[in-house]
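K.L.:
Each chain, written out:
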Amino acid sequence: MDITSPTFKQNAREALADRQLQRALGHVRAGFIDKRAKAVAELPEFDALRDAARDIKNHTLAHLDLYLEAYEDRLRAAGGEVHYAETAASARDIILSICQRIDARTVTKGKSMIAEEIGLNEFFEEHGIAPVETDLGEYIIQLRHEAPSHIIAPAVHLTKDQVEASFREAHTSLPPDRDLSEPTELLNEARSVLRQRFMAADVGITGANFLVAETGTSVIVTNEGNGDLTQILPRVHIVIASIEKITPTLNDVGQIIRLLSRSATGQDISVYTTFSTGPRRPEDPDGPEEYHVIILDNGRTEMLGSEFKEALRCIRCGACMNHCPIYQAIGGHAYGWVYPGPIGAVLTPEFIGVDQAGNLPNASTFCGRCEAVCPMRIPLPNLMRHWREREFERHLSPAAARYGLGFWAFFAKRPRLYQWATRWAMRVLGNRAIGKGRYASLPLAGGWTKYRDFPAPEGRTFQEMWAAKRVAR
Amino acid sequence: MAEGTERRPKVALFVTCLVDLFRPTIGFAAVKLLEEAGCDVEVPAAQTCCGQPAYNSGDRRDTRAIAKKVIAAFEPYDYIVAPSGSCSGMLKVHYPGLFSDDPAWRSRAEAFSAKVHELISFLTDVRGMKSVAARFAGTVTYHDACAGLRELGIHDQPRRLLKSVDGLTLVDLKDDNVCCGFGGTFCVKYPDISNAIVQKKADLIAATGAGTLLAGDLGCLMNMAGKLQRDNQPVAVRHVAEVLADMTDTPPIGEAREA
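Residue numbers (the working numbering), protein chains in the order written: chain B, 8 to 480; chain S, 485 to 743.
Since the hints were made in silico from the structure, they are not lab data. Misleading hints may appear alongside valid ones.
What the hints assert, rightly or not - Below 20 Å or equal to it, Euclidean Cα-Cα: the simulated PhoX-like pairs (lysine-lysine) are:
1. B:K476 x S:K673
2. B:K457 x S:K658
3. S:K599 x S:K494
4. B:K476 x S:K494
5. S:K553 x B:K420
6. B:K443 x B:K457
7. S:K516 x B:K16
8. B:K45 x S:K494
9. S:K516 x S:K553
10. B:K457 x S:K553
11. B:K457 x B:K16
12. S:K647 x S:K516
13. S:K516 x S:K614
14. B:K420 x S:K552
15. S:K494 x S:K516
16. S:K614 x S:K552
17. S:K647 x S:K673
18. S:K647 x S:K614
19. S:K673 x S:K658
20. B:K42 x S:K494
What the hints assert, rightly or not - Chain S is nowhere near these chain B residues, computed Cβ spacing over 12 Å in every case:
21. A69
22. D80
23. E129
24. D209
25. Y279
26. A370
27. G411
28. K420
29. L436
Keep in mind it's a predicted model, so treat the numbers as computed, not measured. All C-beta atoms, glycine included, are put in the ideal place defined by N, C-alpha and C.
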């Protein structure tokens, strides 16, 4: 996938000027924020569950090697195969060799952010294999040759009208005068088109919300049932998941799932929660003949030993982006890679380099709403600040900002000099605005005054007035 | 409150750089409220800024240097109070973490941070203030600045005191817990995004019909005032302490003094 994170500022400007996008983003509040708030309010133990979930993940991450081994043993015993992939490229190669061995032509896919992370669709197309996205949102953006703009609602940047236009363009065998004015009609059309693709697929690929060490099970949480058809109908089922999806027990999964759906969509539980452990057994009525799990590292063990470790608790619910004022303003594509929003601002510099993605952790007001809603209590603003520290240490932040900061810090560390200098500066700034109270433009403050007036200071500093008052007393 | 034999606590006012430079009225309002709450107030001269601009720019070295000066200047007092949720949050929540590898300073920072309070919550939660003797004729609405709300849990305290102000009507602001788009240097580093956020906020403020907007952080107030004024919205903007201290003779933020 093309990386556009370095042009974040330009991406953001374009997103702000995109009327369709702005209309689509207007639905985030009712679609996600209000529903989550209601679901959380109905579960008094929500915060206690967050603590428990955080502890489960912290414990797991501290013993990840043991739990990975346990998972692998259980899955092998159930007839499944485990493949470790250190990099995105090795994950792609493993998947391709499985597909080529069985001469696969089409591959159905459930929704997977790891597939996006490793650029799987493009890779398949380069090698003559047709990937078919079966999640409705993913299907829509595949038709439009777009990347997801949200980790659970990949087509959230689109309006219904845009989806209708894409369907009419793609589904040319259907009557042109059919009625697609209602969302349910769009859904039914996608369902009937996809049904044929499910039957024809040679391989089904899904992500995993959890890999359960206790049982060797992979768990997917979906609302459309497409994941089940993807993993049951083809001859081969490939699960792609990253190392931090390991969860010790089914009981742990049960706890975290209670947070996941509520945080993501405001549902008590998703429509489908599907557990699969290995290939079809002799007594099973259906299921794949082969079952492979690709466990991807791609820099995560490095994160595990760094100050970004806590980001590995993420369960990809999307609550942080839904509640982020920046994400709400510009949508997900402006972030320029796979993961948008606050969690994307923490993960992206890890994956593509802080020199490429430096804007992402900087483009935050640190309002803290992401951390406040994160079901796994990930301190997202602190982690973004750590990236700013790395940038600062490596002299990657813009020179003007560095010099400005250095100039300011010089005074801030010297109170007497600071008070003398600011006294005169405020007097000038205050006097020049007498009769107006504010500035419509101001040198060096163009970023502010382009959009707002700049309030003038009263004229004398508090310290100056306080000192005068003390003398008078 | 402090009556009889109870010793009056010695409170050091951390003025905050923005209040010091732009709106001393807020500092004097804070002093008045603290004195009404039975405190002896001092303003240590050796203060500039809490260090947030450096901290949030990734400059830990300067942040620590500034923090050490602040701690040394303020640790002799019973309490340290600031008329800002953002600066109080920095002093209270973030200072100890700056010294994770320096046990001596870490324990000094922790002892210091434990005594830090945001002004309004200090008045209500520590000093037990339930009402104020102030008068303000008009309808006001209140925005919860992010750091005060989410780092310090300040929500009901300012509203409770505002309801005791004679003549004041408080109306709700939709999405009062959503950021105004200020974010310190964010607003000048990403002006287009910041504008989109403050535009939404200004529209919601105007929709309340309130004549005055109040909040507890001057940075956010300057951002919202600047936007409302650019949009020619007839909303006066003030720090909540000005109203609570009955010190509203100073023109609202960004407005000229009448000749």
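K.L.:
A separate judgement is required for each hint: does it hold in the structure or not?
P.N.:
Hint-by-hint comparison with the structure:
At roughly 38 Å between alpha-carbon atoms, K476 (chain B) and K673 (chain S) are farther apart than 20 Å, so this suggested pair is violated. Distance hint between K457 (chain B) and K658 (chain S) is unfulfilled; the C-alpha atoms sit about 26 Å from each other, more than 20 Å. A distance of roughly 11 Å separates the Cα atoms of K599 (chain S) and K494 (chain S); the hinted pair therefore holds under the 20 Å criterion. Between K476 (chain B) and K494 (chain S) the alpha-carbon distance is near 19 Å, which keeps this suggested pair within the 20 Å criterion.
Taken as a hint, the K553 (chain S) and K420 (chain B) pair is honoured in the structure, with Cα atoms around 8 Å apart against an allowance of 20 Å. The hinted pair formed by K443 (chain B) and K457 (chain B) meets the criterion: a straight-line CA distance of about 18 Å does not exceed 20 Å. The straight-line distance between the Cα atoms of K516 (chain S) and K16 (chain B) is roughly 45 Å, outside the 20 Å bound, and the hint therefore fails. Taking the CA atoms of K45 (chain B) and K494 (chain S), the gap is about 45 Å. The hint is violated against a cut of 20 Å.
For the given pair, K516 (chain S) sits about 26 Å from K553 (chain S) by alpha-carbon distance, which is inconsistent with the 20 Å threshold. Note on K457 (chain B) and K553 (chain S): the hinted pairing is violated, with a Cα-Cα distance of about 36 Å set against a maximum of 20 Å. At most 20 Å may separate the alpha-carbon atoms for a hinted pair to count; K457 (chain B) and K16 (chain B) meet this at roughly 16 Å. A threshold of 20 Å between alpha carbons decides the hint, and for K647 (chain S) with K516 (chain S) the separation of about 19 Å falls inside it, so the pair holds.
Distance check on the hinted pair: K516 (chain S) and K614 (chain S) sit about 16 Å apart at the alpha-carbon level, within 20 Å; holds. Between the alpha carbons of K420 (chain B) and K552 (chain S) the distance comes to roughly 10 Å, so the proposed pair stays at or under 20 Å and holds. The hinted pair formed by K494 (chain S) and K516 (chain S) meets the criterion: a straight-line CA distance of about 14 Å does not exceed 20 Å. Distance hint between K614 (chain S) and K552 (chain S) is unfulfilled; the C-alpha atoms sit about 35 Å from each other, more than 20 Å.
Between K647 (chain S) and K673 (chain S) the CA atoms are separated by roughly 38 Å; this puts the pair beyond 20 Å, and the hint is violated. With a C-alpha separation of about 10 Å, the suggested pair K647 (chain S) and K614 (chain S) falls inside the 20 Å cut-off, and the hint holds. Of the supplied pair hints, the one linking K673 (chain S) and K658 (chain S) is violated, its CA atoms being roughly 27 Å apart against a limit of 20 Å. Under the criterion of a C-alpha separation no larger than 20 Å, the hint pairing K42 (chain B) with K494 (chain S) is inconsistent with the structure, at around 47 Å.
With a closest Cβ-Cβ approach of about 19 Å to chain S, A69 (chain B) is found to remain outside the 12 Å limit, as its non-interface label requires. No Cβ of chain S approaches the Cβ of D80 (chain B) within 12 Å, the least distance being about 39 Å, so the stated non-interface status holds. Even its closest Cβ contact with chain S, about 30 Å, leaves E129 (chain B) beyond 12 Å, as expected for a residue assigned away from the interface. Residue placement check: D209 (chain B) keeps its beta carbon more than 12 Å from all beta carbons of chain S (closest about 45 Å).
At the 12 Å boundary, the C-beta of Y279 (chain B) stays outside the reach of chain S, the nearest C-beta of that chain being 33 Å off. Listed as outside the interface, A370 (chain B) is inconsistent with that label: its C-beta sits roughly 5 Å from the nearest C-beta of chain S, within the 12 Å cut-off. Non-interface call for G411 (chain B) relative to chain S: violated, since the shortest CB-CB distance, roughly 9 Å, does not exceed 12 Å. Some Cβ of chain S comes within 12 Å of the Cβ of K420 (chain B); the nearest lies about 5 Å off, and the non-interface call is violated.
Under the 12 Å C-beta cut-off, the non-interface status given to L436 (chain B) relative to chain S is violated; the minimum distance is some 9 Å.
In the structure shown, a violation is registered for the earlier hints numbered 1, 2, 7, 8, 9, 10, 16, 17, 19, 20, 26, 27, 28, 29, in ascending order.
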